[in-house]
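Keeping their order, the protein sequence lines are chains A and B. Following our numbering, the numbering of the first sequence begins with 1 at its first residue and continues without gaps. Following our numbering, the numbering of the second sequence begins with 1 at its first residue and continues without gaps.
Because the hints were derived from the structure by calculation, they are not lab data. For glycine and all other residues, C-beta sits at the position ideal for the given N, C-alpha and C. Where hints are given, some of them may not hold.
Said to hold, decoys possible - Listed next, the in silico DSSO-like pairs over lysine-lysine satisfying Cα-Cα at most 30 Å (straight line):
hint	chain 1	residue 1	chain 2	residue 2
1	A	K480	A	K440
2	B	K538	A	K364
3	A	K435	A	K354
4	B	K552	B	K306
5	B	K28	A	K435
6	B	K565	A	K364
7	B	K306	B	K166
8	B	K576	B	K535
9	B	K535	B	K376
10	B	K306	B	K576
11	B	K306	B	K565
12	B	K592	A	K435
13	B	K164	B	K552
14	B	K538	A	K354
15	A	K354	B	K552
16	B	K77	B	K164
17	A	K364	B	K370
18	B	K576	A	K148
19	A	K440	B	K166
20	B	K165	A	K440
21	A	K465	B	K77
22	B	K535	B	K312
23	A	K480	B	K77
24	B	K370	B	K576
25	A	K435	B	K166
To be verified - Which stretches of chain B does chain A cover? Using the computed rule of at least three CB atoms under 8 Å from a CB of chain A, they are:
hint	region
26	67 to 80
27	250 to 263
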Amino acid sequence: MILIFLILIPLITGILSFAVKGEGAKMLALISSMITMVVSALVSGTNFKETISYSHSWIPTLGTQFSLSADGMSSMLCLLTGIVVLVVMIAQVNKDVEKPGAFYGFLLLSQAGLMGVFLASDALLFYVFWELALIPVYFLCSMWGGEKRIPVTFKFFIYTFLGSLMMLSGLIYLSLQTPGLTSYSWADIVRAGNSLPPQTQMWLFWLIFIAFAIKMPIFPFHTWQPDTYETSPTPVTIILSALMVKMGLYAVLRWLLPVLPAGVAYWSDTVVILSVIGIVYASCIAMVQTDIKRLIAYSSIAHMGLMSAVAFTHSTVGMHGIMVQMFNHGINITGMWLIVSMIENRWGTRDMTKLGGMATIAPKMAIALVIISLASIALPLTNGFVGEFMLFNGLFRADSAAHISLMVIAGLGIILGAVYTLNMIQKTAYGEVSKMIIAKDLSINEYLGLAIIISIIIFLGFYPKPLLDLTAAIAGLIVK
Amino acid sequence: MGNFSHLVYLIPLFPLIGFLINGLLWNKMPKTLGGMVGSVAILASFVVSLGIFFEVKDPAFHGPVIVNLFDFINSGKLVIPFSFQVDALSSLFLLIITGVGFLIHVYSTSYMGHDDGMVKYFAYLNLFVFSMLLLVLGANYLVMFIGWEGVGLCSYLLIGFWFKKKEYTDAAKKAFVMNRIGDLGFLVGMLLILVNFGTLSYQEFFGQLHSGQAVVANSTYNWIALCLFIGATGKSAQIPLYTWLPDAMAGPTPVSALIHAATMVTAGIYMIARSGALYSLAPMILQVVAIIGLATAIFAATIAIKQYDIKKVLAYSTVSQLGFMFLALGVGSYTTAVFHVMTHAFFKALLFLGSGSVIHAMGGEQDIRKMGGLGKHMGITQATFLIGCLAISGIPGLSGFFSKDAILSEAFAYNPMFYILGIGAAMMTAFYMFRLYFLTFRGSFRGTEEQHHHLHESPAAITIPLIVLAILSIVGGYVGLPEVMSEHNAINSFLSPVVRNFGEHHLAAGTEWALMGVSVIASVIMIGLAFSINKKPKFEPNKGLALALENKWYVDELYAAIVTKPLQLFSEFLDKYAERRGIDGLVNGVGKSVRWGGDRLRLLQSGQVGFYIFIMVLGMVLIFSLSFFWVR
Chain A
1 MILIFLILIP LITGILSFAV KGEGAKMLAL ISSMITMVVS ALVSGTNFKE
51 TISYSHSWIP TLGTQFSLSA DGMSSMLCLL TGIVVLVVMI AQVNKDVEKP
101 GAFYGFLLLS QAGLMGVFLA SDALLFYVFW ELALIPVYFL CSMWGGEKRI
151 PVTFKFFIYT FLGSLMMLSG LIYLSLQTPG LTSYSWADIV RAGNSLPPQT
201 QMWLFWLIFI AFAIKMPIFP FHTWQPDTYE TSPTPVTIIL SALMVKMGLY
251 AVLRWLLPVL PAGVAYWSDT VVILSVIGIV YASCIAMVQT DIKRLIAYSS
301 IAHMGLMSAV AFTHSTVGMH GIMVQMFNHG INITGMWLIV SMIENRWGTR
351 DMTKLGGMAT IAPKMAIALV IISLASIALP LTNGFVGEFM LFNGLFRADS
401 AAHISLMVIA GLGIILGAVY TLNMIQKTAY GEVSKMIIAK DLSINEYLGL
451 AIIISIIIFL GFYPKPLLDL TAAIAGLIVK
Chain B
1 MGNFSHLVYL IPLFPLIGFL INGLLWNKMP KTLGGMVGSV AILASFVVSL
51 GIFFEVKDPA FHGPVIVNLF DFINSGKLVI PFSFQVDALS SLFLLIITGV
101 GFLIHVYSTS YMGHDDGMVK YFAYLNLFVF SMLLLVLGAN YLVMFIGWEG
151 VGLCSYLLIG FWFKKKEYTD AAKKAFVMNR IGDLGFLVGM LLILVNFGTL
201 SYQEFFGQLH SGQAVVANST YNWIALCLFI GATGKSAQIP LYTWLPDAMA
251 GPTPVSALIH AATMVTAGIY MIARSGALYS LAPMILQVVA IIGLATAIFA
301 ATIAIKQYDI KKVLAYSTVS QLGFMFLALG VGSYTTAVFH VMTHAFFKAL
351 LFLGSGSVIH AMGGEQDIRK MGGLGKHMGI TQATFLIGCL AISGIPGLSG
401 FFSKDAILSE AFAYNPMFYI LGIGAAMMTA FYMFRLYFLT FRGSFRGTEE
451 QHHHLHESPA AITIPLIVLA ILSIVGGYVG LPEVMSEHNA INSFLSPVVR
501 NFGEHHLAAG TEWALMGVSV IASVIMIGLA FSINKKPKFE PNKGLALALE
551 NKWYVDELYA AIVTKPLQLF SEFLDKYAER RGIDGLVNGV GKSVRWGGDR
601 LRLLQSGQVG FYIFIMVLGM VLIFSLSFFW VR
């Protein structure tokens, strides 16, 4: 029963928000996200051992049910969603947007959709939430975005909608294969998928996978991402990169790997190789970016590349590493975007050639930037390290030349990651102070938002056990 | 003895607390208090380290003590605890790190006294010591790796401490990235161990190696040993990853002494000595280690001959001395390498701190062409610096003599050619060190009038550490007397329970005396040569070979041409063509043709997107339904 609140709270406050005028919407969103965050923490807290479920009849004629269930992975992602949206709202406290009612309304609706995606255990319900999460983002991008927002949103729309449609047709096809009556429940979909002959699974794989590959994104389905991140307002960029990207990976783990094992087995080498190419490719491109937002967008593609590669290697430790890293990547990239928006606010530009001197003029911001950057290059004793170590461990299962070379190529990402991340620190934080619009350090709400992020980075860096324990069981189940 | 080894967690805890206090209150603490907190934290660690050292030294001490703190990673079969190991090797490194570290902290309270960032500086320094202690205390490779990357971070932060100068932050970045290249080797090595042996714990891994219960191919040992060694070349500045260390001199001088001479750069030697059981099974890689070490020792020494920056000379000297240590490791004498780590920590920290005292007196000037005759103004600095020079040159009676002699005679027993080349490097060492000494302290002053007026001896906080280190540089060698002088080699027997050398070499007493004589005579000749050349120094622009040496054999330029530039061009190509024109162009093309098609269809249809989508869905459902029935 508690699960439905994770969806209902943001859904109801989101709808209400459209009716609220002025500052009220901001407060409503802040309070709503606080409550949601507490509920998601409760779910994760009670969820170390058992799976929580909730079910209600929905559209019986279609064979679909309103059923939710939360295991370790779902509740971990709900917790991440709760934390990230709360931090976003805290950071928004001293910012003004046009039409705040609609803006926060769309953000909250998107949160409701995300929670639904992570909780749904019915394929049609999953699809509905998937769209509920995405549609507000189209509006947010096209109405509050920066320059070029219309063509960029159009590209984003084409990409994701194409994927969504293919996924829907794939899921419908699967539901028709279920034993007995048509059913969309996860267990029936898994049974149906497993019973399909390998030849069918092979093409069905791509029908379903494309949507997830676009969302993650996997090379070469990624080109919507840098443009969209660059154009979207910061809260939307955070939702997209910290949460929606996880939606794609989560969907692979929940709705693809267990459903089409033969298809996955057939294509896994292809996906692993594409992902590993993507790591090096995106890292190289990140090195030559001058806009910080694009740099971070490409670095995120590299990070996701490692996770998607490992998702297809059938390793328990690797799968566990993915769980850990999904959470940590979400936290770290949220912190990164917060700082980027503060830079834009202070210096009026994101062009790194025009930045510099943060460590002199805004030392607290610079300290936060350095810590978050170090976490994103997975320095030990930050949260990024344990996950990355486990991921590499997953990628490197056997002592063979093929595995060593795969590992070394993926490992180039570690070196290149250090290059572009330290470049970014050098160009923004160090050097003489460049021209600024507002020369001031962190405000209280900015401080609070970053403090939450950094506390998580350090705590999980030293003591990753809670996160590991939460997701251990499900990681083992997925790999079997 | 008491039960100190169970308190081992206190040793890294004190610097961590120091870091937290100074780090969190960096803008509120008074400077002197910050320095005090930082120094006291290290002193406390040193006291515990002493206790542990004597406990380990006691004959009643049996085997390593493992202290488990908590499970760091626990995932199915993969369980890696956060645990510390107390044994002879780690306790010796603890003493070096906290002992020399404490002296350098004290020195820093004066050296950095005028810097606004002093509290931040001590926070970084404490964080460094914390990481370095984790590195040597870890009971498994993962904890070593945590410390390993941690010291790399602190090195980065401290090299770029004066972050307004781009040159400095460039040097910091270079250090971090080159270390990361090595770290990838370390990581791959670790994963190879994990895949083949299912553990990262030293005890379990070496236990399997000793008992021979692990069935793996010889090539596996070679691969693991090679990967770990690649890690070591990054951290310990060996060919081909050494070029960051000379640039790292951009950091404050005490940092150079602590991190880039006495402790961090010896981490690679620690790693291989710790993994001796593995390397003894991979003799081929040991040979690679020896050759790389020897080559680095010679190569760096040649560059040091023609450097004019006082710290650059010492930096190349450090690279060269680290090369000697790898030579010792490579010929299988791990304990000798550790011995040289210790003596080198004393005399090289002394030399760096001495150079800091000189730089302070010169008002920041580091060019030895503008110095000269400083001995008249700063007697203690001069005297202690001279002791450092004598020690590193291998003059009998001082610590460097014993450790270097031990390395050279081990090299002789392994392969006389290695000995001859080693003597060559040692001769260059004596030459460039005394060139440095004569140019700095003797002759007449060549700087400006104002600088001359300003010359003074440094305060006690600086001279006392110099004196203590000078004493250690003299007596530190007596723990490792050569076989011909004494039956008992204290350091070898202390380390022997943990570190088993590969192949014992015994030279005839006559041979050993002869080798010693040759190296001493060679050094003395070179000192004389350095004196006669630099009595009346003239600095004309270098030509030919000298110019190549002054420009460090153009290695930086070479790396730029074969790695940095091509990578940059490749990345720009990917960004401009593969990404924007290629993939994105294709996608936009599809988008455009969809629009184009839409425009045509509009003539027939309503033109509403919703309608198209409806048709698409309907079409797909139809296709799948049909194929469903058709399959049946």
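Hint check:
Among the hinted pairs, A/K480 with A/K440 is inconsistent with the structure: their alpha-carbon atoms are about 53 Å apart, more than 30 Å. Between B/K538 and A/K364, the direct Cα distance comes to roughly 50 Å. Violation of the 30 Å bound is thereby established for this hinted pair. Proximity of A/K435 to A/K354 is assessed by CA-CA distance (about 8 Å); at most 30 Å being required, the pair is judged to hold. A distance of roughly 9 Å separates the Cα atoms of B/K552 and B/K306; the hinted pair therefore holds under the 30 Å criterion.
Taken as a hint, the B/K28 and A/K435 pair is honoured in the structure, with Cα atoms around 28 Å apart against an allowance of 30 Å. Straight-line distance between C-alpha atoms of B/K565 and A/K364 comes to about 35 Å, which puts the hinted pair past the 30 Å bound. About 25 Å separates the Cα atoms of B/K306 and B/K166, which keeps this hinted pair within 30 Å; it holds. The hinted pair formed by B/K576 and B/K535 fails the criterion: a straight-line CA distance of about 59 Å is larger than 30 Å.
A C-alpha spacing of about 16 Å is found between B/K535 and B/K376, which places the hinted pair at or below 30 Å, so the restraint holds. Among the hinted pairs, B/K306 with B/K576 is inconsistent with the structure: their alpha-carbon atoms are about 44 Å apart, more than 30 Å. Between B/K306 and B/K565 the alpha-carbon distance is near 28 Å, which keeps this suggested pair within the 30 Å criterion. With a C-alpha separation of about 41 Å, the suggested pairing of B/K592 with A/K435 is violated against the 30 Å cut-off.
For the hint linking B/K164 to B/K552, the alpha-carbon distance of about 26 Å falls within 30 Å, and the restraint holds. Distance hint between B/K538 and A/K354 is unfulfilled; the C-alpha atoms sit about 45 Å from each other, more than 30 Å. Between A/K354 and B/K552, the direct Cα distance comes to roughly 34 Å. Violation of the 30 Å bound is thereby established for this hinted pair. Our distance criterion of 30 Å between C-alpha atoms is broken by B/K77 and B/K164, whose separation comes to about 48 Å.
A hinted pair counts as satisfied when its Cα atoms are at most 30 Å apart, and A/K364 with B/K370 does not qualify at roughly 40 Å. With a C-alpha separation of about 19 Å, the suggested pair B/K576 and A/K148 falls inside the 30 Å cut-off, and the hint holds. Between A/K440 and B/K166 the alpha-carbon distance is near 23 Å, which keeps this suggested pair within the 30 Å criterion. A distance of roughly 22 Å separates the Cα atoms of B/K165 and A/K440; the hinted pair therefore holds under the 30 Å criterion.
Our distance criterion of 30 Å between C-alpha atoms is met by A/K465 and B/K77, whose separation comes to about 15 Å. Between B/K535 and B/K312 the alpha-carbon distance is near 22 Å, which keeps this suggested pair within the 30 Å criterion. Taken as a hint, the A/K480 and B/K77 pair is honoured in the structure, with Cα atoms around 14 Å apart against an allowance of 30 Å. At most 30 Å may separate the alpha-carbon atoms for a hinted pair to count; B/K370 and B/K576 exceed this at roughly 49 Å.
Proposed proximity of A/K435 and B/K166 is supported: the alpha carbons are some 17 Å apart, at most 30 Å. Check on the region 67 to 80 of chain B: 9 of its residues sit with their Cβ under 8 Å from a Cβ of chain A, so the three-residue criterion for coverage holds. For the region 250 to 263 of chain B, the stated coverage by chain A is not satisfied: 0 residues place a CB nearer than 8 Å to a CB of that chain, which falls below the threshold of 3.
Violated hints, listed in ascending order, are 1, 2, 6, 8, 10, 12, 14, 15, 16, 17, 24 and 27; each of the other numbered hints is respected by the structure.
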